[in-house]
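S.K.: Generate the whole structure from the sequences, applying the supplied hints.
As you go down the protein sequences, you meet chains A and B in turn. Using my numbering, the letters of the first sequence correspond one by one to residues 1 to 151. Using my numbering, the letters of the second sequence correspond one by one to residues 1 to 409.
Because the hints were derived from the structure by calculation, they are not lab data. Errors might be hidden in some of the hints.
[Claimed, not checked] Heads up, simulated DSBU-like pairs for lysine-lysine below, C-alpha to C-alpha not over 35 Å straight-line:
| no. | chain 1 | residue 1 | chain 2 | residue 2 |
| --- | --- | --- | --- | --- |
| 1 | B | LYS343 | A | LYS109 |
| 2 | B | LYS159 | B | LYS142 |
| 3 | B | LYS323 | A | LYS19 |
| 4 | A | LYS18 | B | LYS331 |
| 5 | B | LYS24 | A | LYS109 |
| 6 | B | LYS406 | B | LYS343 |
| 7 | A | LYS118 | B | LYS402 |
| 8 | A | LYS18 | B | LYS391 |
| 9 | B | LYS192 | B | LYS306 |
| 10 | B | LYS406 | A | LYS18 |
| 11 | A | LYS18 | B | LYS318 |
| 12 | B | LYS192 | A | LYS118 |
| 13 | B | LYS391 | B | LYS159 |
| 14 | B | LYS343 | A | LYS18 |
| 15 | B | LYS406 | A | LYS109 |
| 16 | B | LYS323 | A | LYS18 |
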Amino acid sequence: MFDDINDLYQQVILDHCKKPRNFHEMPQCSCSAQGFNPLCGDNLKLFLTLDGETIKDASFVGSGCCISKASASLLTENVIGKSKTEASQMFERVRDLVTTGNTTGDVGKLAVFAGVYKYPARVKCAILAWHALIGALKGEVAPVSTENEQT
Amino acid sequence: MSLTPDWAKLRADFPILNQQVHGKSLVYFDNAATSQKPRSVIDALVHYYEHDNANVHRGIHELSNRATNAFEAARTRTAKFLNARSGDEIIWTRGTTEAINLVAATWGSKHLKAGDVILLTEVEHHSNLVPWQLIAQKTGAKIAYIPVTGDEGTLDLSKLDSLLTSQVKLLSLVHISNSMGTVNPVAELCAKARKLGIVTLVDGAQSAGHLPVDVQAIGCDFFAFSGHKICGPTGVGALYGRYEVLETMPPYQGGGEMILSVGYQKTEFKHAPHRFEAGTPDISGPIGLHVAMDYLDAIGRDNIWKHDQELANYAYEKLSALKNIRLFGPKQNRAGLVSFLLKDVHAHDVVEFANTAGVALRGGHHCTQPLMHKLGVESTARASFYFYNTKAEVDVFVEVIKGIQKFFT
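M.R.: Below is the structure:
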């Protein structure tokens, strides 16, 4: 019945959406940011613990569709241990990946999002957590919205 | 009640419905967002641009006369569609949203002052919330709400009398809730309001094309609807205003068409409805809408309503038999839509999966964020029906929902 959709809902994505990793609040975090997608009401909060320039720990809470939840879960796994600069680079790679299907450099497990570009309405779901990451790294106070995303 | 229509024959009037989406026959269940258009409406737009296109109310030439006549005939037709007393009570707008904004901006700026209360309900669409918030900020008026009971989406009228204080100047409410499918008792509420001298507005976006509407029987001062939800083109809608109320209102926008005479310092305005229509309007829109209204009334809106309700009850019954589903909206007297949530499956995922099976649903907050918040959800998935939909399509839809549940277990 749903033959066409496997390129979007890959097994890894389904797994992370059903069992999100690092899914908890982090009261002692160094910084955090809220991501909000006004189109669908997806809302998540991302927490980071920094050790100097390095992201020592990452977690998130919130609610959203399968794609946005899996994206946030995989983000936390991906950025732990990275420097702030490396994490920002990864944001750019993921953004390229979900908007065009291609990217430069290794994105690891995040390659499962390569099919998202075929579903333009879902790009915002996949990128929401990454915007929150950038917001948290910049220390932005206002919630980060996906509304300005150029897709 | 008019004779039972040949629904299959009517469906064939809609060219767009005869197509495959992702290799499956299209099941269009997003009619509360916008309806499809019959061939006759599409042809009317083409005919207008191929034969009669000219600006209205300006020219002496033949084409301008034709365009003006067709434009004004559509106004008279709209008055008949709503059982208004005359076309002078019909103002063209871009749709329901602009109609409500017009009332808020003009009637509101003239009649509202600090301490006054605008009474709304908790099920309103953003288009019947935000315009009032804007005018409330400007005038110092306050907004109060008739509460909603819960998942059924019906109004809790037990507190109505205490809400109808002497400060209430306006009651604005939706006729049929776009996210719940509730049919509100608008005539009863407008009658109560009128006795207290409260001006009333009914948001008819979901009702005008689905059941017979009689603004005099409802007893409202304003009624707003959109053309595109009733088989007409996008970009046109209408505001009905009781003439006595319209004449108390200042203009909406300034420009050509709405003036009697203009000086460098002072301008005299036309009477309603032209006072509220500045600039060259959408001309093809009302002309297409005219054909749409003829089309609907040939079917009979009483028949359409019966068909809507049959499909909605059928879908509701079938979905109720599923496990792990939360259904919204009233159990009795449901309008032609079903709003629901599957346990542990986000509405957007439901809609995405349905899309690959050729079924067009809506998922989201349906522009009723405060209501979603009150119900403790971010979004719902919604199937909304019209007369060209069939029980066989509901069967396809329900199978798809079952498939989604299976996929996510």
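S.K.: Against each hint, give a clear statement of whether it holds in the structure.
M.R.: Now for the hints, and whether the structure bears them out:
For a cut-off of 35 Å, the pair hint linking LYS343 (chain B) to LYS109 (chain A) stands: about 28 Å separates their Cα positions. As the CA atoms of LYS159 (chain B) and LYS142 (chain B) are separated by approximately 18 Å, the hinted pair is consistent with the 35 Å bound. With a C-alpha separation of about 22 Å, the suggested pairing of LYS323 (chain B) with LYS19 (chain A) holds against the 35 Å cut-off. Among the hinted pairs, LYS18 (chain A) with LYS331 (chain B) is consistent with the structure: their alpha-carbon atoms are about 32 Å apart, no more than 35 Å.
The straight-line distance between the Cα atoms of LYS24 (chain B) and LYS109 (chain A) is roughly 33 Å, inside the 35 Å bound, and the hint therefore holds. Under the criterion of a C-alpha separation no larger than 35 Å, the hint pairing LYS406 (chain B) with LYS343 (chain B) is consistent with the structure, at around 12 Å. Our distance criterion of 35 Å between C-alpha atoms is met by LYS118 (chain A) and LYS402 (chain B), whose separation comes to about 25 Å. Straight-line distance between C-alpha atoms of LYS18 (chain A) and LYS391 (chain B) comes to about 33 Å, which keeps the hinted pair within the 35 Å bound.
Distance restraint check for LYS192 (chain B) and LYS306 (chain B): the Cα-Cα separation of roughly 28 Å lies within the 35 Å cut-off, and the hinted pair is therefore satisfied. Distance check on the hinted pair: LYS406 (chain B) and LYS18 (chain A) sit about 14 Å apart at the alpha-carbon level, within 35 Å; holds. In summary, the hint linking LYS18 (chain A) to LYS318 (chain B) is supported, as the alpha carbons are separated by about 27 Å, within the 35 Å threshold. Proximity of LYS192 (chain B) to LYS118 (chain A) is assessed by CA-CA distance (about 53 Å); at most 35 Å being required, the pair is judged violated.
The suggested pairing of LYS391 (chain B) with LYS159 (chain B) is violated, with an alpha-carbon distance near 39 Å, which exceeds 35 Å. A C-alpha spacing of about 12 Å is found between LYS343 (chain B) and LYS18 (chain A), which places the hinted pair at or below 35 Å, so the restraint holds. Among the hinted pairs, LYS406 (chain B) with LYS109 (chain A) is consistent with the structure: their alpha-carbon atoms are about 26 Å apart, no more than 35 Å. For the hint pairing LYS323 (chain B) with LYS18 (chain A), the CA-to-CA distance comes to about 19 Å; that is within 35 Å, so the pair holds.
Violated hints for the displayed structure, listed by number in ascending order: 12, 13.
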